[in-house]
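All chains should be modelled from the sequences, with the hints used to inform the complete structure.
So the protein lines, in turn, are chains A and B.
In this text, residue positions in the first sequence follow full-length UniProt numbering: the first is 1, and each later residue adds one.
In this text, residue positions in the second sequence follow full-length UniProt numbering: the first is 1, and each later residue adds one.
No lab work stands behind these hints: they were computed from the structure.
Be a bit skeptical, because a hint or two may be false.
Unchecked claim - Under the rule of at most 20 angstroms between Cα atoms (straight-line distance), these lysine to aspartate or glutamate pairs were calculated in the EDC-like manner:
1) B:Lys121 <-> B:Asp172
2) B:Lys34 <-> B:Glu22
3) A:Lys61 <-> B:Asp172
4) A:Lys179 <-> B:Asp116
5) A:Lys41 <-> B:Glu154
In this text the structure is predicted, and so the values were computed from the model without any measurement.
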Amino acid sequence: MGTREDEYDYLFKVVLIGDSGVGKSSLLSRFTRNEFNLESKSTIGVEFATRSIEVDGKTIKAQIWDTAGQERYRAITSAYYRGAVGALLVYDIAKHLSYENVERWLRELRDHADQNILIMLVGNKSDLRHLRSIPTEEAKAFAEKNGLSFIETSALDSTNVEPAFQNILTEIYRIVSQKQMRDPPEGDVIRADVEPVDVRPQDSRKQCCQ
Amino acid sequence: MKPLIDFDECLRDSPKFREQLETEEASIDALELKLDKVLKACCLMIESGKTYMTNRGAFTNALWDLSGYFSEDPQVMASLNRMIHSLQEMNKFHSILLDQVSRTVVKNLTAFVKVDIKGVKESKHHFDKISNDLDLALNRNSQVSKHKPPDVEEAVNLLLATRSCFRHTALDHVQRVTMLQARKRHEILATFLSYVQACCTYYHQGADLTEDLEPFLKTTAEEVTTMRNDTKILDKEMENRHTIVNSRDTVLPSCKTEAESDSKEGLGSPCLKNMPRMQGYLFKRTSNAFKTWNRRWFYLYDNRLVYRKRTGELHVTVMEEDLRLCTVRPVTDGERRHCFEVLSPSNEYTALTRRDPCTVRPVTDGERRHCFEVLSPSNEYTALTRRDPCTVRPVTDGERRHCFEVLSPSNEYTALTRRDPCTVRPVTDGERRHCFEVLSPSNEYTALTRRDPCTVRPVTDGERRHCFEVLSPSKSHMLQADSDEMLSSWVAALQHGIRAAIQQGRQPDCADARTTERQQLTHHAQGRKLRIWEQLLSIPGNNTCCDCGGANPAWASINLGITLCIECSGIHRSLGVHHSKVRSLTLDDWEPDIIKVMAELGNTIVNRIYEANAEGTTITRATPDCDRSVRETWIRAKYVSLLFVKEVAPAEPQRVGRRWSVRRTRRRNRNPSAVPETISDHSEKSDVNSNTSVSESSSAVLMIGTELCSEREIDLSLSSDHDSTEGEDVANEEEDISSLCPQTILYRAALAHNLSVMTSALAARAHVDARVTSHRGRTALHAAVISGSVMACSFLLVNGAKLNVQDDDGKTPLHLATEAGHTAQVCTTPR
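Dropping the structure here:
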């Protein structure tokens, strides 16, 4: 990672969650390294990778944590949710159980992650059209119902991978930058209207007595 | 700046790392504790500051209230308001400071504790948890049997995953701790920097305000000094306050000044109509059954006597509506001292008893006969009395004898009509002149008459001193002053007030006279007084003093019918009222009937009687500038010793069968154009021997009084005797000469209402109350009543005739008058 990687405006922590084998690590490698390996091993514990993108002329550094989907690592992985501002909840469009477990993962997020975390429902393996068991519409409707954004991707043929990350990061950026507009960043503790601590004898009184 | 904990140590999870971590965490705990303490203290400070501000606000509000109290005093109010404004400004500054403290210190520190330190705590919690997990994983990994490859693999995987997680978490935790430790320095400093800056602003604002206020404070301080000096001066001035108590012990200042001004301005100028003439406290006896004594503030105001309580009610109670109708006298016969009474007649009575400038004239155009009118300048008075036709008639159907009735349309009046045997006698020792008393055995009657202003009766109630009574027929007010001085002040003031009111009523205040009739009456009353004394002086001989001949006599003796100079009037006064009743021509009020008496007599006629034999006397005749002793000797010889009076009856024996009579006077002053009558009177007079009391004319009848006849025109605005004496001619019988003596002459003269002859009879030592046996034991007053002449009655009364002499029938003159329906006489005689 060169110097260019160190110069960023925002650092967003995003987690990838979902059942084991739905393609989380594949999505991550496709997005960060543009690689795809059909024979990938299941993740042990947590891995993470970063990639910077540009939004509105700002450099946004995404720190994407790829968690193990296996049940036995659940306790460990949940430790990583802390501080995450976005989550990609991934399921396999050809594996119905992974879709059914989406609710469980949502609960997991509610329990361990920040309240305001932005969640995107990602239906992966869209290339397996012939094996599709969850219709796009159904998943879309579910996402809307639960206030999630939704996209179908294919790490294999790279369909929608870039937009998926772009969308969530842009969304996060919007929220954060808006929040910053409302509440100035920490450190600027004194609000503008309390500012007249700068004492000038001539007009200080007028400033104070509004 | 380096991180506090080496990342390598952290990844190795070495004891050093743990040690460092613990140190930092302990440091953070300590910081949290201290910040909590600061926050608590700060919040407490702000709370109490807010309470203080609330109380300060209440304080300034109270000050506003106080300033409102000074709304009458603009100087104090302006300064106060300015200061309160400044205080409010200061309050504002203080509120801002408190707000700043709350925004800087509290908010920042709370955020620091709640977010940053709490974040570290959370991260430590996770770190501990994952540390435990790692320990577990390590143990499992160590315990796994090497004969079970799948277990080994799983344990290794878990260990790997956990360790990696632990390492991430540990690094996170280290980062958090490091960041907190780094940030605490500037966070805390910045917080308190802004707090101190806010304080500075506060004091700067205060300094500016002080600068602005300085000139104002200076002037206010000067004002305060001035006020303080003023107070000191005032205190000095009031140092002598206790001496006032001694100097003004008895009489209130207001009384004094009022009395002084009263005496200065005199009674004739009641110009201060709306100024209280006299005011002060008096005890007033309630008119209810309890007769309690209450202290009230009295004052004479606008011709009224009013009073009010010391506190409480604002309105005043009018005790006497019109002082003109009142008289006042000290009450000395009660138990209380310093009492006086104010007497006021009721409206009905006024007509009968007032001696104020009233004119009485008969009313002939009403339905009833024998009515009369009392005319007075005061409107109220006139209105009520002018048309109150009263008739007097004897009452014969009752059980008691000698009763009479006064009939009048008004109910109150009938109170007088009680059928009790009453005796009437004149009262001369009261404040008022011409008063009379009606005495009757019945209580109600005396109660009524006692309250009559003209009745003098002792006030017997109470043990109080300084009392006086304000009496009117309808009301009775017993009042008590604090002392004799106050009593006399009050009595004097009330008398002055009454007299001033009466005099004011006589002023030409005819602006409110409504009808022309009233206007005429008022004008009539106006001119009357001047004309009366002018015309009294125009009577023959009256322009010089009757006794010494001095010019411009201003005094008169009403029973003698003469005018006097002031020196001679003094001698006359010393003779006593049974010899001469002296009055001022100009200062006194003159009743119509007295004027008639005066008009009938005069100096010339009287001197013809009293100086008939004065020629050649040894006594030195009084002259205008003679010695007082000479004057007194002459006057005493003339009126007391009667040395110069000629015998009324001739001394030589009279021819038997000769008859005599007294010439009746005729006066028609109301129609001065009646010349023929006058001429005939004159011709009649010329027929008579001019200088003898006994006519020697050829007629068989000796006519007495012709030479004393005073037939002349006097243009006095008096009601004529004609109306009351009409129809009497039939009764003019003649007397046998044998009965000729002063007593019978007086009687006959009274019957003929010939005042000249009556005077000569009295001068001839006829007793005024002597009963004439040949005439049913009647007195001259009886005769005068029978004649119907008010003038004759008046003459006899002023010469001391008694009212209560009964004739053979047991009748008093008053009874005769009522029998005859001579209302005017009934009203006049008791006066």
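(request) Return the numbers of the hints above that this structure violates; sort them in rising order. (result) none
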